[in-house]
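Turn these sequences into a full structure, and let the hints steer you where they fit.
Here is how the chains run, residue by residue.
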Amino acid sequence: MSETISSSSRERFPYKLRIEPWLHDPPKWYPYFISLVAIVAALVIGGILLALSGGDPFQSYAHIARASFGSLGVISDTIVKATPLILVGLACTIAFRMKLWNIGAEGQLFMGALGASAVVLIPLLPPATTPWIFIPAMILVGVLAGALWGFIPGFLKARWGINEIITTLMLNYIALALVNFFIFAVWSEGGFQMSPRFPKNAWLPRLADYAEQIPVFQGLTTHLGLLIGLGASVLVWFILYRSRWGYEIRLIGDNKEAARYAGINIYRNIILVMMVSGGLAGLAGVSEISGVVHRLQAGFSPGYGFTGIIIAWLAKLNPFAVVVVSVLFGALLLAGREIQPSGIPRMIQGIILVCLIASDFLLRYRVRIERKVQEA
Amino acid sequence: MTNSDNAAQKTGHKDQFVVEMRGIVKQFPGVLANDHVDFELRQGEIHALLGENGAGKSTLMNVLAGLYRSEAGEIFVNGKLVSFSSPRDAIDAGIGMVHQHFMLVPSQTVTENILLGLDEPRFRMQLSDYDRVVEDLGERFGLKVDPRAKVWQLSVGEQQRIEILKMLYRGADVLIMDEPTAVLAPQEIEGLFETLRTMALEGKSVIFISHKLQEVTIISDRISVLRRGKMTAAGIDTNKITRQELANLMVGREVIFSLDKQPKAVGNVVLSVTDLEAENDKGLGALQGISFEVHSGEIVGMAGVAGNGQSELAEVLSGMRANTGGKILLNNVDISNKSTRFGIKQGLGYIPEDRTHVGTAPNLSVTDNVIMKKYRQSPIARGWMIDQTEAIQFANELKDEYDIIVPTVETPVRLLSGGNLQRVILAREISGEPALMIAMQPTRGLDVGAIEGVQRLLLEQRDAGAAILLVSEELEELLTLSDRLLVIYEGQIMGEVSIDPQSGPSADIETIGLMMTGTPLEQIEAEGVT
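So the protein sequences, as listed, match chains H and G. Going by our numbering, the first residue of the first sequence is number 1, and it counts up by one from there. Going by our numbering, the first residue of the second sequence is number 1001, and it counts up by one from there.
These are computed hints drawn from the structure, not numbers from a lab. Take these hints with a grain of salt, some might be off.
[Said to hold, decoys possible] Here are the simulated distance ranges between beta carbons:
#1 H:Tyr365 - G:Asp1281: 35 to 41 Å
#2 H:Ile19 - G:Ser1128: 44 to 50 Å
#3 H:Lys316 - G:Gln1388: 20 to 26 Å
#4 H:Ile19 - G:Glu1410: 25 to 31 Å
#5 H:Ala41 - G:Leu1116: 38 to 44 Å
#6 G:Gly1079 - H:Ile266: 56 to 62 Å
Just so you know, even glycine gets a beta-carbon here, dropped at the ideal spot from N, CA and C.
So, in structure tokens, the structure goes:
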């Protein structure tokens, strides 16, 4: 019994890594800690890359931080960028909870913008209408348009089981083409790819609008969309965790068969959730054109809808975490505009993403370094 | 059996073990599956590894078969220390395992499956040569199977034979069988036992994992018992121990084998099924005109080998599958081809066959799982909201009443053991006070103690006036619990057996076995075959 049939005879390094599943659920703070570690690791990697390419990492980071959080003005700009991200992040969150892979938030966002513009530009309401009616009307039509864009794949999925990943993705292009049709042909202002400017009554109120009463707000562009986004995150949380409907969503998402067994109508829920998801993305579109650009124009979204997928995922489908992650992404988006070359923040964004996603591994496994035991 | 002769013959090389495991420790999230376990296997013996579900039997054997690596402990094969990092290492050392779930490619032939993953033939595949080899090997060990048949055409029993052949072909001297009888019909079990005995006579050693006392005492030479990760008995001669003693070693307390069953107080018809027809997932007729009734206050057992339409029957009754013909009346309301929710509203409780894929949502909490059928009603529902306080209170009540062992009701149910999970389902279904309860394999995979608990709950329901349809593959369980027994074969009912609490069943086991394999009761009675 002394002979050893050992497979590994090449033992030079006295330590070895052991990767093993967590035996107990890790403590509650652990996931946050790991996320923080991942971000720090990403910044270190990004710093090394910056240094290698001849830059000064510390200065660059300082610059990025200044560009997105350095003053009240840029903080406000960061929040403006974060606002649509919160809404599309929530749109993806509620759909992903039910394991409906809505990749079409971008298209739904465009449809929302189109719907809101229709109220102004057809016009469904005269330009002199009070904002108290104008803005709710734009929100309503925008949300409905987004919901319609969610209904189509939802219905196809529920009725014939057509893969929603494909349909939502394809509908993005249709929505984009539709919006282009309107801004190139119907509502084009002097042949440019944009509609005429909306009347002031159709603008979401901004902090700067109240600068006369509160001087600090001077020049701050944060608009009502932020409150809508925050309200929506509370609402989505309530729906998911406190309502009967949210219970159904979570049950279907976790085990469709069990939901069927509990007598839940899955078809109706697929359609409803896709519509709510589309509506939230549509709301992001309304908020963006009514709060920021004030007209319908090509390319007003730098892919918010797709970023929403990443945000929902990084926030682990938690509606409140969506807000935090959105602000982080808003900051990086803003820094991308401020910093030259603009690829740097984007690269860092990419590295952070990879690190965060990779760090998930550490939630499921733990890595131990141990000294190799001398086998007798 | 002739096990005693075998045992005597083997005493000559008693100190030489084929396999010796020392101090095996294996930990999983939340459980210590093997806690310093020792295990010894002699050459040419059938060694039963007995234990409740979750006792660590399969874990220990997976360590031996190279599937898991233990945290501590040593394995010696023929006296040599080995370390397996994959099943391939184990099979190279002569140790092969037949798992509960077969690992076969359905679209390939028997021979192809046996050759799968081997280095030979290197280039040109002359299958007919190998067909002969497989056939010869099968004949030698009484494992009759057509080498040219495609796996999907074969019965579960035949598929098991392929798995055994696979291991023998790879030169396994030690064969680990993980609960091999769970999927077999009574006749097939006898065939398997013959094969195992032949193998033992040829000098191969068999480890037989099971939690069924009866078959263990029939087939094994020696028995080792695991309880909660620890060996409570190591290598006891089978004929030196009684079943009662074994049961005690297994569960650590006296197990009552007979349940006190009151004479039935049958009420009115609750469930009436007439000429029911339905298709299975492949669109083939799974139920071919079934008619029966279940009264309040009785348990009607549905016996049959798995795959004869039982799952489809339960699904059709619960509204999860459409029927293509016939009628289902629940308290005189037609529930056929209605939604699942309609059935629930009419007072239908359903314990599904598949606890993890149908019965529960694994990542949701115990609370979320027990309110599955109550979340629409007050007090748990409050308008469009769910009253969390009420829900948690309800869950805690069930937790206490049904002894669900869980730290808090917020724990996700995926962390629960099989028995606890089944208690969650039972608690949920019984608390709905159903008029009709469909119980599909309610004790499958549970340990002896948990089985008894589940059976008691079903009897309590019956005595409280519920109508219960019990579908099970455990004949013993059906005979213990049922007032009447129906035997199903290929979607048709072969006959009915009434069971009196005092005088027992009106037909003997062989008759039931014949019905289970497709002979109608009238025919058996007419021909006088018993």
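Right, here's what the structure says about each hint:
no., hint, result
1, H:Tyr365 - G:Asp1281: 35 to 41 Å, "holds (36 Å)"
2, H:Ile19 - G:Ser1128: 44 to 50 Å, "holds (46 Å)"
3, H:Lys316 - G:Gln1388: 20 to 26 Å, "holds (21 Å)"
4, H:Ile19 - G:Glu1410: 25 to 31 Å, "holds (29 Å)"
5, H:Ala41 - G:Leu1116: 38 to 44 Å, "holds (43 Å)"
6, G:Gly1079 - H:Ile266: 56 to 62 Å, "holds (59 Å)"
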